[in-house]
Each structure stands twice: as structure tokens, then as C-alpha cells.
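K.L.:
Chain by chain, the residues run as shown.
Protein chains: 2
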Amino acid sequence: MSTSFLLEQDVTRALHEVAQQLRVDCVRCSAVASSGHPTSSMSAADLVAVLIARHLRYDFAEPKAPGNDHLIFSKGHASPLYYAMLRAVGAIGEDELFRYRTLRSRLEGHPTPRLPWVDVATGSLGQGLPIGVGIAIAGQNLDRLPYRVWVLCGDGELAEGSIWEAAEQAGCSHLDNLTVIVDVNGLGQRGPTRHRWDTAAYAARFRAFGWHTLEIDGHDIEEIDRAFSVAAAHPGAPSVILARTRKGRGVAAVEDREGAHGKPLPDAAAAISELGGVRDIRVAVAHPDPLPSRVVPPGQIPLARPMSAHAVPLHAVPLHAVPLHPMTLHAVPARIPAQPAQDRRARPVTRWRPPAFASGSMASTRDAFGQALALLGDVRPDVVVLDGEVSDSTRTGLFAQAHPERYFECYIAEQQMIATAVGMQVRGWVPFAATFAAFLSRAYDFIRMAAISRASIRLVGSHAGVWTGEDGPSQMGLEDIAALRAVYGSTVLCPCDANQTAWLTGVLADLPGVSYLRTFRGEAPVIYRPGERFDVGGSRVLRWSPDDQVTIVAAGITVHEALAAADLLADDGISARVIDAYSVKPVDAATLRTTARETGRIVTVEDHWPEGGLGDAVLAALAAGGAPMPAVRKLAVRTMPGSATPDEQLQLMGIDMASIATAAAELVGTEAGPSARTAVGSGASIGS
Amino acid sequence: MSTSFLLEQDVTRALHEVAQQLRVDCVRCSAVASSGHPTSSMSAADLVAVLIARHLRYDFAEPKAPGNDHLIFSKGHASPLYYAMLRAVGAIGEDELFRYRTLRSRLEGHPTPRLPWVDVATGSLGQGLPIGVGIAIAGQNLDRLPYRVWVLCGDGELAEGSIWEAAEQAGCSHLDNLTVIVDVNGLGQRGPTRHRWDTAAYAARFRAFGWHTLEIDGHDIEEIDRAFSVAAAHPGAPSVILARTRKGRGVAAVEDREGAHGKPLPDAAAAISELGGVRDIRVAVAHPDPLPSRVVPPGQIPLARPMSAHAVPLHAVPLHAVPLHPMTLHAVPARIPAQPAQDRRARPVTRWRPPAFASGSMASTRDAFGQALALLGDVRPDVVVLDGEVSDSTRTGLFAQAHPERYFECYIAEQQMIATAVGMQVRGWVPFAATFAAFLSRAYDFIRMAAISRASIRLVGSHAGVWTGEDGPSQMGLEDIAALRAVYGSTVLCPCDANQTAWLTGVLADLPGVSYLRTFRGEAPVIYRPGERFDVGGSRVLRWSPDDQVTIVAAGITVHEALAAADLLADDGISARVIDAYSVKPVDAATLRTTARETGRIVTVEDHWPEGGLGDAVLAALAAGGAPMPAVRKLAVRTMPGSATPDEQLQLMGIDMASIATAAAELVGTEAGPSARTAVGSGASIGS
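Taken in order, these protein sequences are the chains called A and B. Each residue of the first sequence is one higher than the one before, starting from 1 at the first, in UniProt numbering. Each residue of the second sequence is one higher than the one before, starting from 1 at the first, in UniProt numbering.
Chain A on its own, in the form it takes in the complex (with noise of 0.2 angstroms):
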């Protein structure tokens, strides 16, 4: 039930009430709430006011509207000002706020993406403006759609080299689609910044890398219009606008006070009386498209509900309708606008033909995910690709070749092709980034923030384990699976052959959530049929009798030391199982629950440190299925690796043929029978 009206007073008063609206709400749902941060909010609320009354250009009733400005709050510990920002725009109402950080509550001690409004999880600071350069990136060279990023930092987040590594990207790409706005409140947690008020200090360094730079009052509501406008309007680069701002602004008992971070203020009805108390503004802000609906008529910032009661007391203004000086459109550079993002979805991948490899030759699993990646983008026209400048190792260089305009170097960046990925799902897009395993870690913070974000990548690590051979522990991705699977909803998938790594790189266009494959570097002998189908969560039984003593599970390159572990026990008169548990997580827990019984004794072995990895994924599985569980011996990397050939470093890590044979034959000689034979489960066939 909203009453507008014109404001009588002039635009700068009217927006200075949105301003102060949000302060009071930000203290409001923080004295609710008994916790968040209203002192790191209110520092930014006339930034954030002028924004969604004259800047920016969002349907809030339409979230996913492909022409929709993008709106991150890098600073995500300012949600209060997020939440707040939600009331004036009429997204949630004044209870859902008054539930801030409550159970069930969508409104989180940071965004995420449970509100609609939000693209991405923030709260790890320092990932918000990386993953913004990925939505203009997208919205530069993929949607070619005139929506503008507005990304707001605290200062304080400067000092993460990933603030550093998206400006040299956006500043490279010259995304004049991006406003970044820092509030340089000047405080961080534990006292001053680095740089306190030295907004010059930040602008040297983003001009530097290529930048826009504004320096300004981040409480002068004209310089704060002034400095949108002409952000926005510059051409050919990103934009900065480094606002000087008070922390706690408008409260003294906190404004710049040191000792008031992260905690309600303590007194909040006192604090809102001095803000002018609760007001009850409802801010239209512009829509997207068509354009002329984005002209709010001149003078108007129309006003929502009236006002409510609620648990503090408040203090109402009058609210009074005034005149506002007419909008200045931005200029937004002419682009031929694509299609939306959804309305490229492609035909489902099951149609798709991954290439084939011959069985029984040899080949590495990289070189099957380059060339079927590059065969996926001919039918698959949603699929981007990120590198980590190792194209020619990862071999996305095929993909490059084939699809250039869909193929993003992010030289050796790992945290910005991460970010990049996050944003360009964002926009509906699927992406694929690929680097070293080894490297993934660099950006673990990112990929962990992605399964807050809900977001849909698929990582690829090459060089998986000891077997990448020569170049050392540093090269070898040991830990990857650990960490991988330790990602809310994460798949984790280790091919051992060409074929199989090119039907999974196919599945994993149609995945939600973070998704790995892991590739190795040398060549390996191709086992199964070209085309054959691998399913996630599946596994595949390799050797298999019904007087099977002992049960090697392995996945990727040790696939093959346990087939030919095999071989050798077979000539001592063991008759050994094989599964190819080629997807680690999840697990094919059935499959590895029926030979456990039928076995009785299981062998794990896994080019991977002992922790984290298949054997764990193995042990994890049997035990959730409440029975007692068998003798399982675990196989892995236990001593750190040098320099040596791939196959001397399986044996010296005790994870070849020979290793596995032993340990197989040491289990079968020590331990009783399984309890129980019975034929192979669902869940699982016979490979060739």
C-alpha cells in the first residue's frame, strides 16, 4: 500500500534522506539482530543512496532481466546497508528485515545468492570486484548487452593482491562497463587502514593499472552524482571512485571511533534520533530496458508505505516531495545487443559426439579434454573457456583455436580466472577454467566461495600427482582432490583414460555446482570403448570373478597400476577385483559397499597425499552404510617427491604395479575370508 508523492525540498535534501533511511535501517536490523556491521555500512549509505535513485538501472521485480545494471557488494560485512538498500527499493519488507541473521532468514550476516537480488556470496573480501570485472567481461564480449557493473569495496580490501589482479584485467580490457566505488572509511577492523584517508595513494595505483580514477567526499551527496555521471560516461577504461568516508557516519558516539567494528552500536535508539529517525522512503529505481523507462520523471523519488512500528523506537521526520534536477543518462557506448544468455542454451550434451580414441592405444588425459572441450564449443555455444596462461600444458590451446571469441586468457592470474568463471555464470554462461592442479589452489578461497555463491564451474587440474614426473612436488597437484572435495556439493572426477576424460568433459557442461576434472600429463593406455557413457557417481568394475580374495580401487593413473597389479597376483593364484572409481565424489558407494562384502579385504591407491583423497572417499562410503567395515588398506603419496622419471616416481611413492600387488597379497595372507559371496550389485558393469 504505498502513498508517492513529490518531495518539496531539492534533490540533494531528498537524497540525503534515502541516505539517512538506510543508516537508521542499518542500525535497526543490527540492534535486532544483536550482531552485523552497521558502523562499516553507514559509512557508505549516501554512495549507496544516490546509486539506486539516479544511477542505477535494475528491476527489482525482474532480478534475472538479461538488461539488469549489476550490483556486488564487495564489502559484503556492509549487508545491513545491502538489506536496507532492499527496504528502499521495496524488495523486502520492513518484518523480513527485522529477521536479519535469524534462522531460516534470507537475509545472511552476508549476501548470498538465497535473495534474488544477489549474483554472488560475498563476506572473503577482496572477491567481489574480481568477480564484477567477470560480469563486464561478459557483458563486453558475450551478452554485448549495455548493463553496467557497479561494484562498492571497503578500502581495506585493497590490500588483497586479488583486488590487484582483476584491475589489471579490467584495466587491460578497458571495461568502461564497470564502476568500481570505494567507501575509504579508514578504519578496518583492528584500527586505521594502511592508508587511511590517502585516497590519492589508491587512485596512483589503480591509474597505474589502466584505471578511471575519482577522488571525492563519499558524504557530498552532489559530488557523489557528479562523480556516477562522469564514471560512468568515461570511455575506454574501468572506473574508480575513491569516496572519503567516516565509518559510523551521522552517529557520533561511533563515527570514526576505533573499537566499533562488526557490533551493534550501543545505543541505537539514541543513534536513530540522531540520524532524524525511521523514515519510510520508497526509491523507484530506473529499469533497464526499454530504455525511456529508465527516465525517472524529474523531481520525483516516489515514496513506499507508511511508515510501520517496530521493536526500536523511532523517530519520524516529515517526508516532504520536491523537486529533483532532471537525470542525466549515462552514455553507454552503442554495442549490437546479443541474445540473453538463457535463450542460447543448447541442446542437451547427450547428443554430443566426443572424440574418439582407439582402445588400446595410448594417449594422456589432457590432450582427450582439449580436443573434446574444443568439440563441445561446436555444440555447445554457451560453453566460455578460461586459461591460466598454461594453454599449451592445460591444452584448452584447442579450444582456443577453435572458438576464439569464447576463449579468455587470464595470463597467471588463478584467482581472477576463478572470479572470471563465477561472473560469467552469472550472466548463464558455462565455463570451464584449466590450469595445473597444483594451481587451483591458489584460488581456493574463490572456489570455496563459488559453493556459497551457488555458482556453476567446472575446474580442470592437469598434472595431476607424481606421475607429471620431472618437474617436481611444486608442479604435482597432491592435495587437489583433498581440497576439491572439501567444497560444499563439489563433483570430483578422475579419468584414467582419453575416452572417458572426453565423455565426462561433456558431462560436465550440464553440472550444477563447483565441478573438477583432474587430467594427467603422460600417456596412458586407452581401456574403454570410444562413446561409452560414464555417469557421475558411477564406477566401473574392470576385473572381476566370483572367487575374488581382494578388491583394488583406484582412479586415474593408478587404473592401470592395479590392472597390471592384477596380472601379477593372478600368477601368484590371487584372483583380484579392479574398479575404476573414476568419480571421487560422489562415490559409487553401492558398488564399493557390494565388493566389501564380497571381498572382504579393499586396497586404495591414489597418485594423491593420503589425506583427503580416494581412500578416504572409499573408507567414507563403507562406513555410511552402518555395517562393520572391511580390511582396507590405503595406497598414496606418503614422502614428498623429487625429481625422477613418472614411473620411477609411482614406485618410490609405493603406488605401482608392484606396490599394489604386495599390499594386496599381504592383506589377502593376513586376513580371513569375506563373510559372504554374493554376485556383483547394481550400480556398477563389466569395462572392456
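Among these hints, one or two may not hold up.
As the list claims (entries may be wrong) - To give an idea of the interface, some chain B residues facing chain A are shown, with a C-beta separation under 8 angstroms as derived from the structure:
{"id": "1", "residue": "E94"}
{"id": "2", "residue": "A121"}
{"id": "3", "residue": "E160"}
{"id": "4", "residue": "R353"}
{"id": "5", "residue": "V379"}
{"id": "6", "residue": "A413"}
{"id": "7", "residue": "P473"}
{"id": "8", "residue": "A482"}
Unchecked claim - Examples of chain B residues toward chain A, derived with CB under 10 angstroms:
{"id": "9", "residue": "R106"}
{"id": "10", "residue": "E168"}
{"id": "11", "residue": "S273"}
{"id": "12", "residue": "T594"}
To be verified - Chain B stretches covered by chain A per the calculated footprint, using a threshold of three residues with CB under 8 angstroms from any CB of chain A:
{"id": "13", "region": "205-217"}
{"id": "14", "region": "238-246"}
{"id": "15", "region": "485-493"}
These are calculated hints, taken from the structure and not from any lab test. All C-beta atoms, glycine included, are put in the ideal place defined by N, C-alpha and C.
Once you have looked at the hints, place chain B on chain A.
P.N.:
Coordinates of chain B only, in the frame set by chain A:
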């Protein structure tokens, strides 16, 4: 058997000869190894020749001498050049050089501290400079010795954000004891770098961060020599020398050619010929201390052993004794040299008295850590503390107040924080680095590499788990145990009460390798006596009876839930054992196996994702016993948390007392009892 004599030509010619020797040796060792990065090495040969012959102060016979300069190859793939340099200075012989990249050789694909002259492992780009900054901070603030830190970077790695975290730290710390040499060869792995030879672009960026910059021709011996002198003499700022070079310099077949990265030269014999053949010059490097020994007699580059035969055909050139220009000594700002770090190694920590918390009171483990750390600083003058701008939260602020001279604010730059820790431990200091557990993921690659560096660093992560409460998932470390367990040689400790935390804080000080202490935010009951001793690898059996039907294994906050669950179970007539597995890695396998045998059923409960945490550690320990395993039920965080109170979070995630009791009761109800009952084994004691 060296034969030294004066060179007859001018210095430039002599230094060029040294550079050509380095190039030839890069070609030779890569040819013998059939792998490696000779072209990335050859571009920097002139830089390194001038460095070792005229500027480095280093006693290769005493690599740990406290006055030695530090030389870090941040571009670790230029290992052929590093090893060629070692031969040139007489540190290794040709025989060892030719074992490059082979089994058991110290000369790995990328340098590691298996060589006594290597401070830290490199090979993950963008790490050598941040660590060098850490060493330079130690030189300036802790050691107060006039050594210089030299870092050789590639141009490609300047895209890494970690480089700019380091640039900011070094610039703001005015590290004029740091000289960075960037080998701008303009080619990456897959093609041109972003800026090719535009050294002005890099210079602008470094200048913006407060650096002194020099742009030179990296193949002009005299320009190089001058730049090194000017850089070292420049007061008040770190210097970066941006040297334009050509990859594969000196061999036309590969010089500045794409497709020649990371592989031996196509025709080594021809290349060596083109480079003027094999040489056998030994370079006398100036020693650091006492200063007079640094003065190389004018006109001398003494030679080493006579030329020897080797696998690759050689074309030796005649060597000449030449007069050198008088050497310019560096102007080193006068400082009071402190004792070398190793002399400050302190009394054994067992004499230390940790802070005491009254049993039965409530306390947070982060508070206990902060108080313990401050007291530890009193008795351990080698302890230094690094903060990621969250010292209020982690409680390292208490150390800052007590020992400001050994507290270093790294601001919100977790990669630089870990790199500083690694750099300081190179100098014998005992660093503790603390941030939120979640944000250690930001520096995971640095932690991974620290293990390869054989570095001893202590990491402390606060706000672990969903018990953090309202802040939401971005702030909750839920993958920290998985990530830290999967680090080679790491120790992972998860204390549950204040006295245990305080004791373990002291234990950390003497632990080798990467160690991790996980703390939580809220207050929990103090259950242990003040001063009670806890060992790495130990556990505490908190509830025990000979009739126990099930064991609950917990760590951290879940210990308290487990104790309450045992009470609930007792009410239902079920006798439950409770084990505090505070040492998650190494876990107390003996106690776990004993309890498995005795109770036959185990419930593990952790405030962490199910993958790679306490439950997996317990399963792995049980499996390692080789015997069939008991029924194990793993309770962990299995859905994405939002905001809620800490206790609501535990309940929602099914890791609270009621969930534990239910799981234990179900296990007892559905499973047969233990097969054998004996007394509790060694390795565990009954707690208070």
C-alpha cells in the same frame, strides 16, 4: 683442483663469458635431462652473471652464515640457470649438474631447500617475491643485519595478485634492502605476455606502490651492473630492475621464438657451439662478513677447475685473465647488527607457564590462544606474530600490545602474511600467522609450497565451524581441516577448551613443518586443569567404563556436545565412551583402535564438512590397523549453513548433543556388540 688466474680482457667481456657459460650449462643440463626450461633461463643469464660476480655477497661454503645475502629465484622454472650458477661459483660440480631432474638428485625441476643454498622452494609463480619481502622485513626489523635480498622474477608472474600484495608491503615498509630483478623476456608458456617488453607499464605499477624503478636492456652488461649499484644504493624504498631480455638469448633457433618454452633446445650441440662452447670459469663471490673480504681485488675473476669432459659435445673457448674495473661497494645504511637469529633460540618451551583458566568457567579458545601467545612471547624472544587485519578477532592483538616489535600487521593480504611467515622462518624466527580459519584458504598455495620449502610455520584459524553463528558460511572455516591435513608433514590441532588451547599454543612453538591450530569464537566450558600437558598425537578419553557400547570421537566444540550426549545416552541406559581427539593429525591411532576393539561402534562428530576432517582421519587410522573395522557413523556439516545462533547451527547441522545421542543409540540398537572387551590401551589418559 682450481686454477685461478687473472682475465686479460675487460670486465664486460669477462662477465659476458660468465653469462655464456651459464647459458651453455643451461643447455647442457636440460639436454641431459631431456626436460627443463633452458630458454627461460638463458634470458636471465647476463643478469645473474653480473649479480654473482660483482654484487652478491654470499659465502657458498657457509650457506647459513647470518650475513649472507639472500637470492631467490621466484621464477623457479629457471632452475637450469640456478644450477649453472651453483657450478660457476664452485658450489656443485659438473657431475652433479648433469644429474639434473634425475632420481634422487638434489637438482630438482624447480629448486628446493634440499640444496643448502636455497631458502625456499619456488615453482608456483608469484611466491618468491612475497617470501623475499618477508626475509627483507626480518633483515630490517628483526635481524638488523645488512644483508640484501635479491629476487629474480619472471615477467609473466607479475600478473599474480600476490606480487602486488608484496609490492604494497615492501613499498610501505620502505625495504631498501630488497632488489627485485625482473627478467622481462616477453614470452609466457603459450605466447606473448600481456605487456611483452613494455617495461614502462610494469614500472608505472611498481612506482605507484612506492618502489624505485629502473628499466634496462637485460643483455647489456654495463647497464645491468650500473642498475644493480644504483638500486642497492637507493635509500628508503625497494628497487625493481625491469630488464628487457629475449627468451633463449644467444641461440637463434629459439631466441624469442614461441613454442620453445619448457623443453630442451632442439639441437644442443649446435646451440653450445653458437654460444661459444663450454667454459669452466669459476666466479669468486664476495663474502658478506667481515666487510673487507667483500672487496674482490680489482681485476680478478678467479677461475675454477679445468674444463672437463661431458656428455654433450663442447666447444671450449680460451679463457683469459683480464683486468677488472675497481668494484663499487654498496652503500648499506648503518644499522646495529643484532645477534644472529639462531643465537636467540630460547629456552625449551616446557618451562613456559601458560595462562590458567579455572575449570568449570567459560572461555573461548581464541581468547586462550591470544593470552597464551602473549605470554609465550615473554619467554620466547624468537616468536613473531603476523596478523591479517583481524587481530581483534583472532586475539593476536594481545601479543601486539605485549610485544609490538615482534608483531607485524599484514593487513588483508593473507598470501603475503603466509609468505612473510615463511621468509622469517628462513632467518630462524618462529612465526605464528593468524586469521579466520576460512581465510587461510586464500593462501592455500603458499601453505602447500611452505611444506615443499620444509618451512616451519604456525597457522592459527579462528571462527572455525558453524558454531561461529550469525555471520554465515563465508566466515566459517568448514574445509580448513581437510585442506591443512592434506599438506605434507603438517600437524592439525583442534582444542576444545581454554587450558588445552593455551598448552598447545606453546607446543606449536617447537613444532617443525606446517602446523595448524583451530580455534572457535564463542565461550565453552573449561574442562581441563590449568597447566595440563597435551602432546601432539595424543587424545583424551573423557568418559570411560568397561561396559561402553559405543565411542563418541569429537574435537573442538563438538567435544562438549559429545559429553552432553553421553549424559543423554546414560539416561537411556547406554554407556558411551567420549574421546577428545584434539590432535587430528597425527591422530591417536592406538587409542582409536583400542576403543574400536572394545566398543565396536564409533560415532565421530565434527564442526566441518564431512570430507577430509576428523571423521576421515579416524577412519584412516582404523583402516591402517589392517584389521576389519567397526561400524562408524560420521556426523558432520552436510548442508550449507546460513545465519543462526551458534547452538541453532549445531542443531540444524545434526552435530549437537541430541543428534549425537540419536546416532549413537541407533548404532547400538542396530549393530552387534563388540567382539572383545579389554582395558583401555596406552596412549590415552582419563581426563578431568
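K.L.:
Please flag the earlier hints that this structure goes against, numbers listed from lowest up.
P.N.:
Numbers 1, 4, 5, 11, 12 and 14, in rising order.
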